[in-house]
Amino acid sequence: MSKRDYYELLGVERGASAEDLKKAYRKLAMQYHPDRNPDDPSAAERFKEINEAYDVLKDEQKRAAYDRFGHAAFEGGRGGPGAGGFDFGGGGFSDLFEEMFGEFMGGRRGQPSGRGADLRYNMEITLEEAFQGKTATITVPTSATCEECKGTGGAGGSQPVACSTCRGSGKVRTQQGFFTIERTCPTCQGMGRVIKDPCRSCGGSGRVRRDKTLQVNIPAGVEDGTRIRLAGEGEAGMRGAPPGDLYIFLSLAQHRIFQREGANIYCRVPITMTTATLGGAIDVPTIDGTLAKVNIPAGTQTGHQFRLRNKGMSVLRSPARGDMFIQAMVETPVNLSKRQIELLKEFESEGAGDAGRHSPESHGFFAKVKELWQDLTE
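Residue numbering for the sequence shown follows my numbering, starting at 1 and increasing by one per position.
For the record, the hints were derived by calculation from the structure and aren't laboratory data.
Small disclaimer: the values here were computed from a predicted structure and weren't measured.
Treat the hints with caution; some may be incorrect.
If you anchor each label on the Cβ, the simulated ranges turn out as follows [what the hints assert, rightly or not]:
#1 Arg210 with Ser158: 58 to 66 angstroms
#2 Asn122 with Gln340: 28 to 36 angstroms
#3 Glu223 with Asn310: 40 to 48 angstroms
#4 Arg36 with His71: 24 to 32 angstroms
#5 Gln215 with Gly156: 27 to 35 angstroms
#6 Gly289 with Gln159: 54 to 62 angstroms
#7 Glu60 with Pro141: 53 to 61 angstroms
#8 Glu19 with Arg68: 21 to 29 angstroms
#9 Pro38 with Asp67: 53 to 61 angstroms
With a cut-off of at most 25 angstroms between alpha-carbon atoms, the simulated DSS-like pairs for lysine-lysine come out as follows [unchecked claim]:
#10 Lys48 with Lys3
#11 Lys62 with Lys23
#12 Lys62 with Lys22
#13 Lys27 with Lys62
#14 Lys27 with Lys58
#15 Lys27 with Lys48
#16 Lys48 with Lys22
#17 Lys62 with Lys48
#18 Lys22 with Lys58
#19 Lys62 with Lys3
#20 Lys3 with Lys27
#21 Lys3 with Lys23
#22 Lys22 with Lys3
#23 Lys48 with Lys23
#24 Lys134 with Lys150
#25 Lys212 with Lys150
#26 Lys134 with Lys212
#27 Lys58 with Lys23
Backbone N, C-alpha and C define an ideal beta-carbon position, used for all residues, glycine too.
Kindly generate the complete structure, drawing on both the sequences and the hints.
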């Protein structure tokens with residue numbers, strides 16, 4: 001069976017640059033890697049062909065020979081990728097394999113693992129605190145660097161030594177057919193170093209459980225769900241590895257009278273029937289703790305909104321403020337005295353012939369109902 005053209009295998013033109021070749025190869029290698037296609041026997045063969053093609057085309061001299069003689073340039077004992085198979089163990093493809101799959105397989109060779117875990121802290125604040133901002137003191141249970149061994153994990157601060165199983169690489173290799181599979185060393189867990197005499201305080205981990213007290217600055221204008229990151233305030237890393245981060249998730253407690261939508265604040269304010277009818281002025285509270293005077297025009301109906309500019313929430317990282325919207329709720333009188341009832345009846349009787357002017361909405365509604373009823377009965 002004849003071999004496929006190397007350029008065709010990688011899906012590139014013959015004049016493709018080295019960068020284009022590398023991009024095409026990495027995409028196909030990720031797609032057909034046997035570890036990602038355990039149920040597809042053809043993937044391993046395709047993976048082998050892709051690596052063979054890239055091994056030739058990435059080398060200028062081999063590529064020139066291939067462009068001139070094709071596959072014949074590497075037949076008859078002339079060397080090339082078909083003669084010696086594939087070495088995943090060092091140089092060339094090994095470096096690229098580490099670049100693409102190092103993170104997937106547990107970290108790059110030679111780099112210590114054991115970075116501290118990230119932590120999450122849930123904090124509830126009031127709407128007023130979100131408006132003003134605040135400095136909060138929190139206590140977080142976490143893992144801190146062991147003071148006795150200074151984080152090394154060794155008794156008296158002694159340093160770890162190279163792992164004898166992986167010789168300090170943190171990886172071990174096993175042969176499976178023509179593949180060399182690299183895995184995390186089971187002895188040192190990928191650290192590359194082991195503790196000969198563990199510290200008694202931390203058991204060799206280099207860290208101990210401890211409550212940490214921190215000051216957190218909550219900026220003005222934060223919203224529900226805002227996340228604040230404190231770099232390096234998470235759990236301490238294993239044996240001197242970098243610490244994780246602390247993430248603070250904010251939630252806003254429900255307010256008694258205000259509702260927030262973005263930077264704006266909404267408030268439903270009850271207004272007496274007489275004030276709504278005759279007009280007047282009312283004082284309403286604002287989020288900054290002051291009172292704002294609102295003029296109520298005569299004839300105000302339920303649902304009418306009044307806008308108070310720049311009386312809303314603070315805007316995050318900005319001197320601006322949102323607006324406050326007051327929704328009028330005209331209150332129907334209850335528990336009336338005998339005299340009050342008589343006055344209302346007098347009012348009703350005097351306006352009986354002029355309902356369209358005094359109560360335009362109800363008059364208009366019932367006029368439409370009458371028209372609808374006439375249409376249905378005709």
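So, going through the hints one by one against the coordinates:
Distance hint check: the CB atoms of Arg210 and Ser158 are about 22 angstroms apart, inconsistent with the given range 58 to 66 angstroms. The hinted window of 28 to 36 angstroms between Asn122 and Gln340 is violated, with their beta carbons roughly 52 angstroms apart. For the pair Glu223 and Asn310, the supplied restraint of 40 to 48 angstroms is violated, since their beta-carbon distance comes to about 18 angstroms. Our hint of 24 to 32 angstroms for Arg36 and His71 holds, since their Cβ atoms are close to 28 angstroms apart.
In this structure, Gln215 and Gly156 meet the distance hint of 27 to 35 angstroms, their C-beta atoms being roughly 34 angstroms apart. Here the CB-CB span from Gly289 to Gln159 is close to 58 angstroms, well matched to the stated 54 to 62 angstroms. Our hint of 53 to 61 angstroms for Glu60 and Pro141 holds, since their Cβ atoms are close to 58 angstroms apart. Distance hint for Glu19 and Arg68: a CB-CB separation of about 23 angstroms, consistent with the stated range 21 to 29 angstroms.
One distance hint, 53 to 61 angstroms for the beta-carbon pair Pro38 and Asp67, is violated here, with the actual separation near 36 angstroms. A threshold of 25 angstroms between alpha carbons decides the hint, and for Lys48 with Lys3 the separation of about 12 angstroms falls inside it, so the pair holds. For the hint linking Lys62 to Lys23, the alpha-carbon distance of about 19 angstroms falls within 25 angstroms, and the restraint holds. For the given pair, Lys62 sits about 16 angstroms from Lys22 by alpha-carbon distance, which is consistent with the 25 angstroms threshold.
With a C-alpha separation of about 22 angstroms, the suggested pairing of Lys27 with Lys62 holds against the 25 angstroms cut-off. A threshold of 25 angstroms between alpha carbons decides the hint, and for Lys27 with Lys58 the separation of about 15 angstroms falls inside it, so the pair holds. Of the supplied pair hints, the one linking Lys27 and Lys48 holds, its CA atoms being roughly 14 angstroms apart against a limit of 25 angstroms. Under the criterion of a C-alpha separation no larger than 25 angstroms, the hint pairing Lys48 with Lys22 is consistent with the structure, at around 16 angstroms.
Straight-line distance between C-alpha atoms of Lys62 and Lys48 comes to about 18 angstroms, which keeps the hinted pair within the 25 angstroms bound. Among the hinted pairs, Lys22 with Lys58 is consistent with the structure: their alpha-carbon atoms are about 8 angstroms apart, no more than 25 angstroms. In summary, the hint linking Lys62 to Lys3 is supported, as the alpha carbons are separated by about 17 angstroms, within the 25 angstroms threshold. Distance restraint check for Lys3 and Lys27: the Cα-Cα separation of roughly 21 angstroms lies within the 25 angstroms cut-off, and the hinted pair is therefore satisfied.
Straight-line distance between C-alpha atoms of Lys3 and Lys23 comes to about 22 angstroms, which keeps the hinted pair within the 25 angstroms bound. At roughly 21 angstroms between alpha-carbon atoms, Lys22 and Lys3 fall within 25 angstroms of each other, so this suggested pair holds. A hinted pair counts as satisfied when its Cα atoms are at most 25 angstroms apart, and Lys48 with Lys23 qualifies at roughly 17 angstroms. Restraint check for Lys134 and Lys150: the C-alpha separation of about 35 angstroms exceeds 25 angstroms, so the hint is violated.
Distance hint between Lys212 and Lys150 is fulfilled; the C-alpha atoms sit about 17 angstroms from each other, no more than 25 angstroms. For the proposed pair Lys134 and Lys212, the alpha carbon gap of about 20 angstroms is at most 25 angstroms, so the pair holds. Note on Lys58 and Lys23: the hinted pairing holds, with a Cα-Cα distance of about 12 angstroms set against a maximum of 25 angstroms.
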